[in-house]
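Work out the full structure, taking the sequences as your base and the hints as a guide.
Protein sequence lines, in the order shown, are assigned to chains A and B. For the first sequence, full-length UniProt numbering assigns the number 1 to the initial residue and increments by one for each residue that follows. For the second sequence, full-length UniProt numbering assigns the number 1 to the initial residue and increments by one for each residue that follows.
What the hints contain is simulated information worked out from the structure, not anything from laboratory work. For glycine and all other residues, C-beta sits at the position ideal for the given N, C-alpha and C. Check each hint, because a few of them may be wrong.
A few chain B residues that face chain A, going by a derived Cβ cut-off under 10 Å, partial list only [claimed, not checked]:
1) I63
2) W77
3) I90
4) A95
5) P103
6) A110
7) Y120
8) G125
9) Y130
10) T131
11) S141
12) E143
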Amino acid sequence: MDMEVDEEVVLHPMQTEKAFTPTPDYSDYKEAFASTGTPLVIDNGSWQCRAGWATEDRPRLVFDNQMAKFRDRKANTSNTYIGNDVYADVLARSNARSAFDGPVMCNPEIMEAVLDYIFIKLGIDADRIAHPLIMTEPVCVPHYNRNLMSELLFESYQVPSVTYGIDSLFSLYANGPEKSKDGIVVSAGHHYTHMIPVSQGKVHLEHAKRISYGGEPASEYMLKLMQMKYPTFPMKMTTTQSESLLINHCYVAKDYLGELASYEDPEVFKTKDRVIQFPFVAPVVEEKSEEEQARLAAKRKEQGRRLQEQAAKARLEKLIQREQELEQYNGLKNSKTTLKKAEWTEQLKSMGFKEETDLDAAIKTTDAAIRRARNKELGIEEEEKEPPTFPLVDIPDEELSELDRKEKKKQRLLKASHDARMRAKAAKAEETAYQEALARQDAERREKEPQKWLEDMHAKRKELVDKIKAKKQLREQLSDRRSHASQLRMKSIAALASDAPPPKRRRKGQDEDTFGQDDEDWMVYREISREDDSEDEEEANQLNEYEQQLLKYDPEFLHEHTMNAYTPKNSFLHYYTNGLGPYDPSIGLSLDQTYQLHLNVERIRVPEVLFQPGITGLDQTGLVETMQDILKRFDKQARDRLVQNILVTGGMAQVPGLIDRLDQSVRSILPFSPDQKNYSVRKAQDCLLDGWRGAAMVARDSERMNKISVTRQEYEEYGGSYIKEHGLGNAHS
Amino acid sequence: MGPYRVAKGKQARVRFGRKGKDDEEDEQNTGASSMASSITGSPTNSTNGGALTEQTAPALPVINMAHIHKPFKKPGWHASKKTKNLKQIITADKAKEWKTSTPTYWNIEALPSMTPQKKYCDITGLEARYTDPKTRLRYHSTEVYQLIKNQPIGVVQQYLGLRNAAVVLK
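Pasting the structure below:
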């Protein structure tokens, strides 16, 4: 088989934000629903809200349950967007809020806005909502929150009656109304997973159990896992994106430990690894055409010429100026003979010179500058600069005048600096010559005896590597308090700090502490300091040099043998983060590869938390153990009835493999029955919409509705938290 | 771009809540149009089918609820702006007297597990048969251990935080 062929790697694109999808408007209220009293069904979920008319078979409106209220500064308008409309505007997206705190509705203001939106979209234009309402509420919702909802509905919208129920129980009803008198419903929701047993038509909420894991904790966990796995990822990942990873790529393993072990096998890994490609902007290398390049070159030449002209003009001006100055100075000098001394010194001072020597120096420099400029223009080579002379330095002080002595001091300083510069130059030249000689020698040796040179190089490298490793080990040992090295260190610190002299040195006349007089004594501080990395960089550079040489001249020394080699391609850690696609260790990751995520073990790890909440540190029983726990609370006959109708519903129920795994697990906790299957685990027909459908089925049964709904009078009499118990809702407490 | 190809049918679209019978239809229609066509009553605005992508000028108008008249509301009544945290509500409720048999929001939580927990590697997620005594991280193999040894304390705490075992200073 040809192993060199690169197999295709499938990329899954990841979009940066949720796309906007419009929610339709409906205008058939007047003809179809006004003054009919058709019940309105609202499945008010913390993730998605579904609303519609009870007479239809699916909800008319399905949108994310959120609101964005903000003020647009530029347009100076206040804006309120609800549901999926939030994704249409960038400002709205960042201002999105939900009425829910967990699964419970806590913010009636936002809830009011959402309900307004639902009624507007359905086209209701009456002066009140004259339709009985059936709504879903969380399991065991606190009275306070139900009161908030009832108050909102009765006071603001003046609905005639409200019925509250539990969405998963409605789903149980929708998936077989005849069977729904007995069963266990597993509600895999957004925040929690509830397991509610129903026996002989009665909902046993006192035996219901709630696992604190659901769609939202799962997305959070996925996000954290990705962030830990790719700490240097160039983009920031959001919960929305990790949610999409959860929805599109996660599955439940039938045998978790076996599946985990299979990921270690590269062959199997290749088929199960998912590569997620984030969008990125490749740096644009513009290739200009021939004419463009020629045009740009011409432009640049033009600019250069212009600059040259300007410089020439400036030089000319300067030259003229200097000549004028020279004339002035010369004139002044010459006038010394004609003017009186006092006048002449005054003129000198007015020109800015203190003494005649300064004037002479100025004349000399300007003259030299003019001559240089002239020569340059004419193109004559400049004569060699003579080394500066310091004549006064050698003459002893007594022979010189006051002025000359000052001069001498100046000259001595200048000479010293000049000498120092010469010395430094010489030393550098010597150093470079020495290095070159060494390199030449090395190269010669390499040519003459390649084998021996290689061996030498390897030996040198090994020595250095051992030294570095020993240092590293020592440092590690020192950080562990119980190691021998650490204890030795403690001993030396104690010895240094103790005031009592060591007993062995009690000799007469030698009581003085001579610590510190010898330079070597201070090395003991080097030993006790834990962090001595001053030589690390040098050593690293030296090692790098050796390795470069070896890479160049030794055919067997490859990149993976160097000290800082990347983990080899076939180590699990490597393909865990980088997959098994094309990879060159000398280059590292290509640009598109740095924007890729590899989703492998996380695909099964995130949903597994439902079965083993201990994975995220939740101290709760998983799905199967909870099921066992619930079943234990019923007698044998009830148990047999319950397990015949185990229904899994809700968003997380859509994870592939969940039902099979649950089925297998339930079989393992039930008594042995070889002849026939004495249990049934099934998924709701429509995991997301069946809650709404069940509620609509109940709403269509007007007789039942009359018995279980809370009318406006009852609300006013008994308060907002009053409900009537029916087989598909919370208990009255 | 070499050996890469993009997964079929997954062109920059997240599938939210549209599983089931709609899967085949999804390729041609967006959710809105497929829903509208199967319901009696005509929607006011024409649906644009699958032409809509990102938020560049949505074909259907979005409703700015701030400027719309809502006739069905009783004038003068507004929901209270003061909201209570769920935590506050639960704490207040717990203080009241309840019969032990009554199911409440907090007492239906699943009980702590009695079965022994399997340990998984904090770095890779595979089975972990070893624990690092210094950092208390669980690891799968020596290779992973080499990685753990060099991690700074912040990263170690983050890994522990994944399974709620980090040190929390209050």
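Where does the structure disagree with the numbered hints, that is, which hint numbers, in rising order?
4, 9, 10
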